[in-house]
Amino acid sequence: MDMYNTAVRPSLVEGNKSYRQVTSDIAGPAERTPARWWYIAMTVATLALLFGLWAMYVTVVEGLGTWGLNNSVGWGWDIINFVWWIGIGHAGTAFTIFLIVFRAKWTASISRAAEAMTVFAVMNAGLFPALHLGRIWLIFYIFPYPNTRGPLWVNFNSPLFWDVFAILTYLLLSVTLWYFGMVPDLATLRDRATSKIRKNIYGFFSMGWVGSVGNWVRYEALAKILGGLAAPLVVSVHTIVAIDFAVSVIPGWHTTILPPYFFVGAIFSGFAMVLTIMILIRKTFALTDFITKSHLDSICRVLLFGSMVLGLAYVTELFVAWYSGSEYEFFTFFKSRATGNYSAAFWIMIVCNAIIPQLLWSKKIRGSLGAMLVISIIINVGMWFERFVILISSLAQDYLPSSWVGYSPTIVDIGIYAGTFGIFACGMLMFIRFIPMIAISEVKGLTNQEKVNREDDNK
Amino acid sequence: MKKKYWKSLEELNGRQQQDYVGDHLYVNKNEMSGLIEEKSLNTSSSRRDFLKLCGFSIATSALIAGCERPVQKAIPYLFKPEEITPGKANYYASTFFDGDDYGSILVKVRDGRPIKIEGNDLCPLSDGSASARIQASVLELYDSARFRHPMEDGSQVSWEYADKRVIDGLRSAAESGGKTVLLTGTVISPSTKSIINKFLQKQPGFQWVQYDPLSFSAVLEANRICFNSRVVPSYRFDNAQLIVGFSADFLGTWLMPATFAGQYAGGRRVPAEDPQMSRHIQFESSMSITGAAADERIQVKPSQVKGVLRYLYDRLRGSMPVSIPGFDATLDRIAAELDENRGRSLLVCGINDIDIQVLVNGINYLLGNYGPVIDFMSRIGLRSGDDAAMERLIAEMKNGEVSALLIHNVNPVFDHPDGEGFGQGMERVGVKISLAPSKDETSALCDFVCPDNHYLESWGDAIPVTWQYSLQQPAIRPLGDTRQMQDSMLKWLGEEVDYYTYLRNYWQVSVFGLPEAGKEFDDRWNDCLQKGVFITSIPEGPQPSFNETHLAEIPSGSTVPAGEGFFEMEITQSIAAGSGRHANNPWLQELPDPVSKLSWDNFLAVSPADAESLSLATGDIVRIDGDIRIAVLVQPGQAPGTVSAAMGYGRTIAGKVAEGVGVNVMPLAGFAGGCTDYRVNISTPERTGEKHKMALSQTHHSMEGRAIVRETTLGEYRGNRSAGNEMRQKILDHMYTLYEEVKFDGLHWAMAIDLNACTGCSACVIACQAENNIPVIGKEEVYRRRIMHWMRIDRYYSGESDNPTVHFMPVMCQHCDNAPCENVCPVSATNHSDEGINQMAYVRCIGTKYCINNCPYKVRRFNWFGYARSDKYNSYMNDETGRMVLNPDVTVRERGIVEKCSFCIQRIQEAKIEAKNEGRVLSDEELLPACAQTCPSKAIIFGNIADKNSRIYKAFQDKRNYHLLEELHTLPSVGYLTRIRNKQS
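Residue numbers (my numbering), protein chains in the order written: chain A, 1 to 459; chain B, 460 to 1444.
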């Protein structure tokens, strides 16, 4: 059966692997003592995490004054990083939906790691809205439940309130999706475990999976249901984040283009991050047979598409700013962003997001790991600056010039950002250490099974 | 058999009680017994009870572990004083006079604590208003830098001991044959003067010197020369059709700014029926709020003023003036304008130079302004200090001729140009006694400090102008072991009476002219005490005749000093700091200068042209004349070739707030022609390469072509009542909404600000701060653009950077009826009242700051740190005494929440409750927010717009009215009235 090996698309799993080989290739890294680089990376990540913890401690104990915010710029690095992380967090779920709903089988070998990335990115993203509260100890005010304070209800009109639910739902769903997708593989690890402790732990988490037909039927059903639920959420979460800005009256925020633009931007940055991580993983764990150049090529095509949509969005914004006849909009886009105080950030955004990714038209570049790695990182730098431009230039120079300010982050702002990298890196390192980073069962379905397994059995 | 005790029928009947709470969860009885009532343990407790207890214990342990609450004492009255009702304020009429400024005031006292100052509306000089400094003075009552007890060489002594030593000291001074000098600021209290006269009679060699750091010596001396009357006449800015100011910041700092601002605004108000207004031309080198208000501002170097005046004088007199290059055409035009306004024009000059003041007198005399506009019959009592006498005193002290020195209410070591010399002189004085109320540079050099009370703890009286007596009464008992100056003086005189008795006797005899203290006196005294002022008839009579002799000797032509490489520097006063006597007041230190928008510093104002040629930028520290290192601020409007800096900064001994703030530039000032000269030539500022953090609260100065402050000229306004405001109609025509319009019946509060009346004086900012417990955050935080003021004065420049037009705009919460902040708050902490007020529920706020971002006016403020409590900020709220000034009607906001203008909701509520109790309809005339109440130029109109007869309704109907950013459809409740300038052509 060769249905996935067409002339257009080369084989999704290379190397003519048998099931056994697939299992041992993928489960291997989770069963071996990690290499030295893993310990070094973990140390660095932990240090970043500690830096972040210190910064968070300072924030909570001393107050938001330790951040670079002021009377005009009420949201700074906190919300920039929030939007950035949540954008990155879009890729995993998107991959899974491609896999489950659109049956794009090529995403099978990527979706697990992408989902893990999503979970950690969304966790990071969720941190910022909590930390940016002036009185974090009253965070429960934001949940609508019958309470003894009146009862006081939340303001259902506020996009921030929608945000809370959008993010929490998304986090819940992406964790669920990730975890349930892992169950068969955890069972595999349980079965391969040599020590009792491992057996018990993996046994606990694999929830008594035996691989029976009944198990599989339910597994498939659940996957479809969760996939179906996740599909609209991928769109909704960043749309609602965009609505935070779009419903405001601030020039540069108050535009209807923001929701689709944010959504595409999120997929774009998420796929770029996936590309970065996949290139690193396939190299370090010798998984080149599973994460093939063809996979990377596919991701690059998506990035190319995203880049063009974003470029169009940027141009549309500029056009509408001029066409609307609003002097405030015009100022924000042309005098503040394109040519003014924030022009550096603006042009970094344009170059990184709309221009450099155009290199991916070249097949040669789509085949060069180094080039792809650099471009994927450049895209996420560009996406960070996109959020910076939107947040800061709009707030720092809005309607009344008397309130125009500058903005610069403090060491605490930087610390929290570094801390989220720490959380992300720690999480990913633990993930590759303990969990099969590719969905074994899904990948097995893609191998040239009949022929190879027969040969394997014959050996 | 043991007696059986039973707790329930079930137990009695033998059914086993279960030690269970709920079905499954076993609870250790011993652990919980403290928390659970016996009853609940033994009856059938449900899981709900268990959860309640769990919740309670978790909450308790969290509370105990995490929230250690500071203990605060609130002790109720055992015997309630008659006039005190807890929760209700009492107002006492009193007098503010600090040596520089006078104000008749009402002191708001809550539960025995003075918490706010308001202008006394029964006093024609104050007319209900109070300047920023007067507003802020209440905070100094609670200043921790105040002396708490008498001291000898810095250590505490008793009053008995101090009195004995002082009396001995004075006696030995008299015996030694040396002089005893009493050095005071200007004294306008007649009873105090009589006490001083007694001293004069009793103490041999006694000499009384009055010293004003903000000297008017030249005016006094010029009036002596010209009119043989060494007084300050009263000025009537409201009677002047044409006002020409020469470096006189009469709206900000010159003589009686709050009074003058009121008069000035009267003449500047343009009635729509018959558009008329006065015209104002200002000559100045440094940019003041008066120059900003002027219809025409002409830059002039201090050295050119004399020539300019001489030119005008000659022109008006018909003789041939000596040309002043670059000025002739302008001056001819102004002379013609003056000529047209004979008898209704006014020239004032703030330069302390006798020749110049004589010329000013000459011109005013030529124009016939004496009588209708300048009145010698009603004299102003302020500023009677004599610079020459002070100069002589320093010389005498240095020569060792002074044996005893009593110093009251002045700080010459700090603010005299020769402060160092004064300090050296003090070393040779036998006994030095300071009566300073709080620590300063001069009292630090004294042997004895016999601290005076704060004025809110003292009795007193004043004659600010010939026709007005003013009484001062204590609003609180002295907080420390201090004694008011007059009591000390009486004690040292050996008089048995206390000052209160003395004051009453004095008023009985000298003010009321009553032979005995009976019922009539008591009635009149109580009446005056209640009203605060006693107004006699305004004297009428001929103005003194003019003596031209001196004037004729003044040379014509420009006196610009020759040579290069120097700058003409003018030492100015800032609105907040004045002479520096209130430097330890954090409200004033944090008040941004209305023009430069800088707080917590003084600066060297350099013109943009000079800054470019010297490659200086705002924040560069320069060295001027040797040792003085000061930060530069590039000030548009500063005349090229000149620089200026405000005095009153750089205090070294003053308390934790003032010390180290700014640079003292007074040592640069000189002494010329018998007067302190605030103009000096300094060497070219030399860059040090160092940078200074400038705590600016506004850094962008252009309106970017946006219709924020709308202006027109009188000529255009005559032709079109909506001149300058044409776009409003356009906006209204395009305004439509899908939503139903919200209706407010009964009350709908609104505010209109007449930009034509607003001078930018910032009294409203301090009034708001005092009323609403607004924290002070200190220089570093202001630098980080986090100033907490709910009301700010936006300042924009337009036109050329060398001599721009300056626009002021007070901005506070606009109380939008379609407020962008309200619908974005996730927890509904900000919402709209049915009276049209945008409210903040502090308890609900969790600090998302979304409202701050979404406010197009950026009037919302965030408590970035616990400003109110932490010692890190220069806040007054973090010490026990300072907290006494807090308004109990307004919550002190904690860390992490948003705050903003509430239209002084507490005042509205108070008036509403009062009206309700009295069973009547509330009239909007009964109440004013703090800003509107104190505004010297009555620029703020507040009221109920739902009432078609209200002033505010009429203001909103005015064609000049517009709303800020109205095109956003925020529907603000604050309106602005277009500014009109009386421009020629």
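Hint data in this document are derived by calculation from the structure and do not stem from the laboratory.
Hints should not be assumed to be uniformly reliable.
[What the hints assert, rightly or not] Within a straight-line C-alpha distance of at most 30 Å, the following computed DSS-like cross-link-like pairs (lysine-lysine) qualify: (1) A:Lys335 - B:Lys1150; (2) B:Lys539 - B:Lys1407; (3) B:Lys1407 - B:Lys1189; (4) B:Lys1150 - B:Lys652; (5) A:Lys283 - A:Lys335; (6) A:Lys224 - A:Lys199; (7) B:Lys1189 - A:Lys335; (8) B:Lys532 - B:Lys547; (9) A:Lys335 - B:Lys1152.
Structure versus earlier hints, numbers of those that do not hold, lowest first: 2, 4, 5
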